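Undergrad: Residues per chain, in single letters:
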Amino acid sequence: MGKLRLIIKREYLAKVRNRSFVVMTFLSPILMVGLVVLVAYLAQLNDGEKRIIAILNESDYFSTDFHTTESTSYVRLFDLDIETAKDSTEKMGYTGLLHIPQKKTLEAVAEASYFFSKNTPNTLVLEKIEAVFEERLRQRRLQEMGVSPKDYAMVDSRYEVNIATFSGEQNLKHFNEIKAAIGGAFGYLIMMFIIIYGGFVMRSVIEEKTSRIIEVIISSVKPFQLMLGKIIGTSLAGITQFTIWIVSASILLLLALALLDMDLATLRTGPVMIADATGQLPTAMPATNEMFALYAQEIFKIPIFTLVGFFLVYFVLGYLIYSSIYAAIGAAVDNETDTQQFIFPIIIPLVLAIYVGFFSVFNNPHGPIAVGFSIFPLTSPIVMMMRLPWGIGEGGVPIWQLVISILLLIGTFMGIVWFAAKIYRVGILMYGKKPSYKELFKWLRY
Amino acid sequence: MNTILVAKEVTKRFGNYTALDSVSLEIPENCIYGLLGPNGAGKTTLIRIINQISYPDQGALLFNGEPLRPEHITQIGYLPEERGLYKSMKVGEQALYLAQLKGLDKREAKKRLLYWFERLEIGDWWNKKVQELSKGMAQKIQFVVTVLHEPRLLIFDEPFSGFDPINASLIKDEILALKEKGTSIIFSTHRMESVEELCEHIALLHRSEKILDGRLSEIKKAYKNNTFRVAMVSDRGTSVLGELEEKFKLSQTEFDQEEKQLGFTVQLPSDDSRSLLSALSEKGRVQRFEEIVPSANDIFIRTVKEKGNNG
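If you read the protein sequences in the order shown, they are chains R and W.
Everything in the first sequence is counted per this note's numbering, starting at 1 for the first residue and increasing by one.
Everything in the second sequence is counted per this note's numbering, starting at 1001 for the first residue and increasing by one.
These are calculated hints, taken from the structure and not from any lab test.
Incorrect hints may have been included.
Computed Cβ-Cβ distance ranges for the label pairs, DEER-style [said to hold, decoys possible]:
no., chain 1, residue 1, chain 2, residue 2, range
1, W, K1111, R, I347, 46 to 52 Å
2, R, R445, W, G1059, 14 to 20 Å
3, R, V247, W, L1176, 55 to 61 Å
4, R, T243, W, E1193, 57 to 63 Å
5, R, V351, W, K1172, 25 to 31 Å
6, W, T1074, R, I347, 37 to 43 Å
7, W, N1016, R, I30, 55 to 61 Å
8, W, G1103, R, Y188, 53 to 59 Å
9, W, I1301, R, R5, 47 to 53 Å
10, R, F26, W, R1191, 50 to 56 Å
11, W, L1176, R, E439, 40 to 46 Å
12, W, N1016, R, R5, 36 to 42 Å
Just so we're clear, the structure is a prediction, and the values are computed from it rather than from any experiment.
C-beta atoms are modelled at their ideal positions from N, C-alpha and C, and glycine is treated no differently.
Produce the entire structure from the sequences given, and follow the hints as far as they go.
TA: This is how it looks when you write it as structure tokens:
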């Protein structure tokens, strides 16, 4: 045990004192926050741009339908022929010209209308114009059917189905997105950690091989101890780095927000605008308040300790499995360029897990794909973490699936570590040629 | 004779390749034991088995009379042929780490390190990074780290490669001093002149088998074939050679006309050198009479060749 501690300490210090590691640790949060601020700033710039659209309306319709909004205003042109209108629109530097010709019926008018612009128009602009036409056409047809605009306004209401579990617990639809975000964050964290620090473990093994210190060390300790110490030391360095990242990024982000006085406003206007959109209904505002209360209630209902507990289990087992494979790869080769062929197959399940998670698990957390991948041991740490925010037991992940998944993971962990330790033990003393898979298989019997 | 290490019919296979084929050795305590053999003979495999880096498929090893156990690691020091240090780690810190892995506590390790650094005049390297050192400098540190925990058995695999002649002789003296203090030493090399200088016992491995072992002086005795080199002065010059050739088998004859000096090699059927000497002294004045003893190098080449021809 004493030796293992020594190895962990050395690996940790070697990693933490490494100059590029230190630079990465302190530069990354600055870069990350800088990026967020930049994106927010650019989004603001983009939104700030005001579009002006000229309308040449020769028809009897649409005289009052285009309302100037914060981002778009409309200029009406009168008594111009279409070519002059185009010219003047371009000269004035307007975004585009909407031409509504004179026709007998509304349908014909809509059919013959054109939007002219210098460049391909922004889809947002088009959507707005199309919405006006659609609304008008719909009203027209309803009128033909004998529905008055007043009646129509009353009919037009938004609806969302209420959902509840069989046991009667009320559920919130959008809440699924919050759960997905939490699950996604856990899964993504596991994947990033494995890829970054697994790579560190591998490079550290290669360094010991190329510097030829390996034989001196394993004449004092068991190769397995060295491998384990290396993996643990590197992951402790990784946890240190992640902690520094999260803490300093949060502080920096708050500082940036306070100094630039920008994002908070944008963030605040976000929900308000949603409220505005639904605000046509007089009851909308109290409803949002009620919903906020429900959300808060639901967030507290997420079994956060269970979640963190399982995160630790899946994180530790998943990381140990993958990093011991990385260690074996490092032992099998002489330099980093030879690692590609071996790394590719282990990246595949990780990436697959993330994709399956984002495209399948969030839509249907307990569907067959989600269940399959959350039980298969190479993808389960990521996929199961994405399913777990929906709870355990009824309405969530069935307990038997969780048990099988963890048992399989533990079994795989032991198998893979045994396998990796064998490759590692033989590989660290092999110099010269790059081994094939066939040769690696042979090493298992040495 | 006390033995520090005994190998009993040790066999090691890698897949279909047999790296060691039933090799048995007895390494006496407090002596320098030369483990010799051409490249690929199995020396490094055997050394790794002694260090418990790998394990034999068959056979057993005894350390100081008891079966070799993991705890014995602390009583063995090993300087591998493929050796190096962490490049970006400081010399002192690194040496402390390696010493602690061998079971020394930190304070004791530091005390001994300071002593050795002083002794080899490398005291001011403590805070240098290994990448700033030359190859020879790094080798000195590796040597110190190998012997620091005062093991009972030291294993040196090609210890002099990478050293300049001055440092090589410095290290050689240190090895001899360690032997004086009672340490047993296994010395693996194919540089025969250092074998001649250092080793009392040798074992010769060839193609995974031990083909020869024993006390170097006894092996030499066994390999000498009663050949003598003679230098003598005689007024009668070459006619003496003719007379001698009737009785003895001469070769490599030479005659210096001015000095009247004869030189030749005689091979006798038995080790009865007295009759030869008396026959010689009748013919003239013997200046030099010396039995030719084969060098370790001769023995090495001869045995390996013989073995190669047979199999």
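Undergrad: Decide, hint by hint, whether the structure agrees.
TA: Here is what the structure says about each hint:
Checked against the given bound of 46 to 52 Å, the beta carbons of K1111 (chain W) and I347 (chain R), roughly 49 Å apart, stay inside it. In this structure, R445 (chain R) and G1059 (chain W) meet the distance hint of 14 to 20 Å, their C-beta atoms being roughly 18 Å apart. V247 (chain R) and L1176 (chain W) have their C-beta atoms about 59 Å apart, which keeps the hinted 55 to 61 Å range intact. In this structure the hint that T243 (chain R) and E1193 (chain W) lie 57 to 63 Å apart at CB holds, the actual value being about 59 Å.
For the pair V351 (chain R) and K1172 (chain W), the supplied restraint of 25 to 31 Å is violated, since their beta-carbon distance comes to about 58 Å. A hinted range of 37 to 43 Å holds for the C-beta pair T1074 (chain W) and I347 (chain R), which are about 42 Å apart. Remark: the range hint 55 to 61 Å for N1016 (chain W) to I30 (chain R) is upheld by a beta-carbon distance near 57 Å. Range check, G1103 (chain W) to Y188 (chain R): Cβ separation about 44 Å, and the 53 to 59 Å hint is violated.
Take I1301 (chain W) and R5 (chain R): their Cβ atoms lie about 51 Å apart, and the range 47 to 53 Å holds. Look at F26 (chain R) against R1191 (chain W): about 52 Å separates their beta carbons, and that is inside 50 to 56 Å. Checked against the hint of 40 to 46 Å, the pair L1176 (chain W) and E439 (chain R) passes, with Cβ atoms roughly 43 Å apart. At roughly 41 Å, the beta carbons of N1016 (chain W) and R5 (chain R) sit within the given window of 36 to 42 Å.
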